[in-house]
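2 protein chains.
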Amino acid sequence: MKYNFSKGMAELKPSAIREILKNSGDTIPLSAGNPAPDAFPVSDIQQIAASILEKEPILALQYGVTEGYAPLIDELTKLAHNRYKVGNENDSVIVVSGATQIMSLVSHCFLNPGDTVICEDPSFIGSLNCFRSVAAKLAGVPVESDGMNMEALEETLKTAENAKFIYTIPNFQNPTGATMSLEKRKKLYELAKKYGVLILEDNPYGDLRVAGEDIPSIKSFDTDGIVIYAGSFSKVIAPGIRVGFVVSPSEISAKLTVAKQTQDVHTAMLSQLIVYEWLKAGKIDEHVKKNKVIYKRKLDLMCDTMDEYLSDYLTFNRPEGGLFVWAKLNDEFEMIPFVKKASENGVSVVPGTAFLIDTEATCNYIRLNFSTPSDEGIVKGIKILAETAAEMRK
Amino acid sequence: MKYNFSKGMAELKPSAIREILKNSGDTIPLSAGNPAPDAFPVSDIQQIAASILEKEPILALQYGVTEGYAPLIDELTKLAHNRYKVGNENDSVIVVSGATQIMSLVSHCFLNPGDTVICEDPSFIGSLNCFRSVAAKLAGVPVESDGMNMEALEETLKTAENAKFIYTIPNFQNPTGATMSLEKRKKLYELAKKYGVLILEDNPYGDLRVAGEDIPSIKSFDTDGIVIYAGSFSKVIAPGIRVGFVVSPSEISAKLTVAKQTQDVHTAMLSQLIVYEWLKAGKIDEHVKKNKVIYKRKLDLMCDTMDEYLSDYLTFNRPEGGLFVWAKLNDEFEMIPFVKKASENGVSVVPGTAFLIDTEATCNYIRLNFSTPSDEGIVKGIKILAETAAEMRK
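If you're matching them up, the sequences are chains A and B in order. Under our numbering, think of the first position of the first sequence as 1, with each following residue one higher. Under our numbering, think of the first position of the second sequence as 1, with each following residue one higher.
Note that these hints are calculated values from the structure, not bench results. Source: prediction; values computed, not measured. Treat each hint with caution, since some may be false.
Copies of one chain are not kept apart here, so a pair can be met inside one copy or by any two copies together.
Dumping the calculated DSSO-like pairs for lysine-lysine here, alpha-carbon to alpha-carbon at most 27 Å [claimed, not checked]: (1) Lys341 with Lys7; (2) Lys2 with Lys194; (3) Lys13 with Lys187; (4) Lys187 with Lys289; (5) Lys158 with Lys2; (6) Lys394 with Lys289; (7) Lys137 with Lys78; (8) Lys283 with Lys383; (9) Lys292 with Lys187; (10) Lys137 with Lys194; (11) Lys340 with Lys187; (12) Lys292 with Lys340; (13) Lys296 with Lys340; (14) Lys383 with Lys85; (15) Lys193 with Lys7; (16) Lys55 with Lys193; (17) Lys13 with Lys328; (18) Lys283 with Lys55; (19) Lys137 with Lys7; (20) Lys2 with Lys186; (21) Lys280 with Lys85; (22) Lys85 with Lys2; (23) Lys85 with Lys292.
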């Protein structure tokens, strides 16, 4: 039988990353986006999980409500308010199965086929594919070292058809590592308000700042009910538990809940209870502080090693946190052949085209990740990239 | 700001069940659909979870692949083949976050707004709302005591616009408790093939048979690649872990995987590993056998008590398994006032209208659940229903 897929899904191409890297099994993974495993609170989770299954096994195993376990919602509301300065009396919090589900629920609730999502260009391929999968149009706005170009954003807001929301990762953006300035955050908020378009603020990396000062979230300005804030525990606790949270105007949270009911009914109870007990035990401050030492070491090691070995072949801005370094190969190199050659030589990186709104456009960037490989792997991987560049220069 | 929701979500009404039952907090819950908590393998899960977090904490906490943990997929492929007789060399299995996600992924992959889903009428409200949420049209086919009316199904297949799939729960259907006969299963398969429409076979209750003989699944006939089989562990292990599985033609499984990547990236790893270790330890046969004793006792208790106290007020077919009894009030009663009065008297049941394709249609049925309440609750609840009926008759 010939299958007749939906418009959004039929047109969704397999990931270019996977095609290029499918033989990269034995290479050093500078291509991944996994948080550092030595940053997981393993012993906390061992103790908490055992305690939950001992004391409240039925709670952990029975159906839960779609919005999330009520005491966890209370903890998250406090966390959002106190730690992230987001959420007011018009907002409410729901628990989701990882932050990617937020992009999916917002798409489900707001997008009809052909509607526009305004995105940073480049941006996180997972979110872009989520919007593409429901047959939305993507309108890209260039990302500068201090975030979206605001003139281009306003131009896009003026011209885009049925623009429903602006998707942004203001802290240590994936893939560019750029952090949006306070001035631009305020401007973005004003523009969204002026043009009647929502903002979807995705903050998976906010707790991974290793230099500079925290900048207020866009959601912290939200007196008009126009910002949906996506929070994640994938980089704070661990991604495998699949827990995130949304802070959004209550009318939107209610609609997201109805959508979530049709997607997965509720988030796994054991995962929710682990996060609840961990937050309630007041573990987050000390844990994030400890993790920043790990992430700073790895970020500095990668950037220092790049300075030492790669400065003749590419340029990059040192990010103040996150997981990624976005590097521009000198014009003498063709990016895709470089990535392929690097993979043959034993190190995988992601071709920048994967993150573009128009994946056919020209792009001389590569994305490097420093959290997945070991420290030795970082150094070895960068050296191989330098050897690859030297080899291709000949 | 006035929010401009998507077509499917804007029109999705809040559940009629919740409106009617929102004050039913202290009532006996004959309205729920929770599996019996004393049927959960609590001590197995305590031991397995501790062992996983001790031996492989990083595997349990790091990102996994979207299709599911590979050794679990192998176990599920064997389970599907040996236990459920589904899946051949053209099929492949993926792990999902509860079976509801299958309805969502299939909707995501196949339905454009305005496409038709052919459903049993009445059917499970969760699935109906999933299809409604993407702006699909629902075409209902009446359910008889041996499953869908096949003449009505063929008529619907002839006339429905852009029908993409037929949704069916062949075993102990929710809410009717009806099990589709082998003859009708074969006819359904033939009709779907003839009209080029897929079948979405949802089998959450298959392991809850307490009388009669198992009937082959529709997927077991699938030599044409037209059946998507939805398997669940919610009633076999526990629902709070959110693990289900799909068996479908490999081209469809690949597309469902892409859709899942945009919904929740992957199913929680700890949940997957618990199911994997539990299956690998060969626990399922003995556990299901033990559970059937519990479910048979509760089903018989409810039906026997109904025979004793309610035969003067309503009629019902005794199901051979599942979680529900579908009862038709005698014509002298109006269903909605009866449900409201019962709730005031201390027992909650679900008004049959909640499960209709056209929720405004006339319906004199109520749905009763026997797995959630205690044995005492079942008897007391049925007695209160009898008192309510006697009171309303006056």
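Hint by hint, here is what the structure shows:
no.: 1; hint: Lys341 with Lys7; result: neither (36 Å within a copy, 47 Å between copies)
no.: 2; hint: Lys2 with Lys194; result: between (47 Å within a copy, 14 Å between copies)
no.: 3; hint: Lys13 with Lys187; result: neither (34 Å within a copy, 37 Å between copies)
no.: 4; hint: Lys187 with Lys289; result: neither (31 Å within a copy, 64 Å between copies)
no.: 5; hint: Lys158 with Lys2; result: between (41 Å within a copy, 19 Å between copies)
no.: 6; hint: Lys394 with Lys289; result: neither (46 Å within a copy, 71 Å between copies)
no.: 7; hint: Lys137 with Lys78; result: neither (36 Å within a copy, 42 Å between copies)
no.: 8; hint: Lys283 with Lys383; result: neither (38 Å within a copy, 50 Å between copies)
no.: 9; hint: Lys292 with Lys187; result: neither (30 Å within a copy, 62 Å between copies)
no.: 10; hint: Lys137 with Lys194; result: within (21 Å within a copy, 36 Å between copies)
no.: 11; hint: Lys340 with Lys187; result: neither (40 Å within a copy, 53 Å between copies)
no.: 12; hint: Lys292 with Lys340; result: neither (33 Å within a copy, 57 Å between copies)
no.: 13; hint: Lys296 with Lys340; result: neither (29 Å within a copy, 61 Å between copies)
no.: 14; hint: Lys383 with Lys85; result: neither (42 Å within a copy, 53 Å between copies)
no.: 15; hint: Lys193 with Lys7; result: between (31 Å within a copy, 23 Å between copies)
no.: 16; hint: Lys55 with Lys193; result: neither (48 Å within a copy, 51 Å between copies)
no.: 17; hint: Lys13 with Lys328; result: within (25 Å within a copy, 50 Å between copies)
no.: 18; hint: Lys283 with Lys55; result: both (21 Å within a copy, 23 Å between copies)
no.: 19; hint: Lys137 with Lys7; result: both (12 Å within a copy, 17 Å between copies)
no.: 20; hint: Lys2 with Lys186; result: between (50 Å within a copy, 21 Å between copies)
no.: 21; hint: Lys280 with Lys85; result: within (18 Å within a copy, 46 Å between copies)
no.: 22; hint: Lys85 with Lys2; result: between (51 Å within a copy, 24 Å between copies)
no.: 23; hint: Lys85 with Lys292; result: within (20 Å within a copy, 51 Å between copies)
Violated hints for the displayed structure, listed by number in ascending order: 1, 3, 4, 6, 7, 8, 9, 11, 12, 13, 14 and 16.
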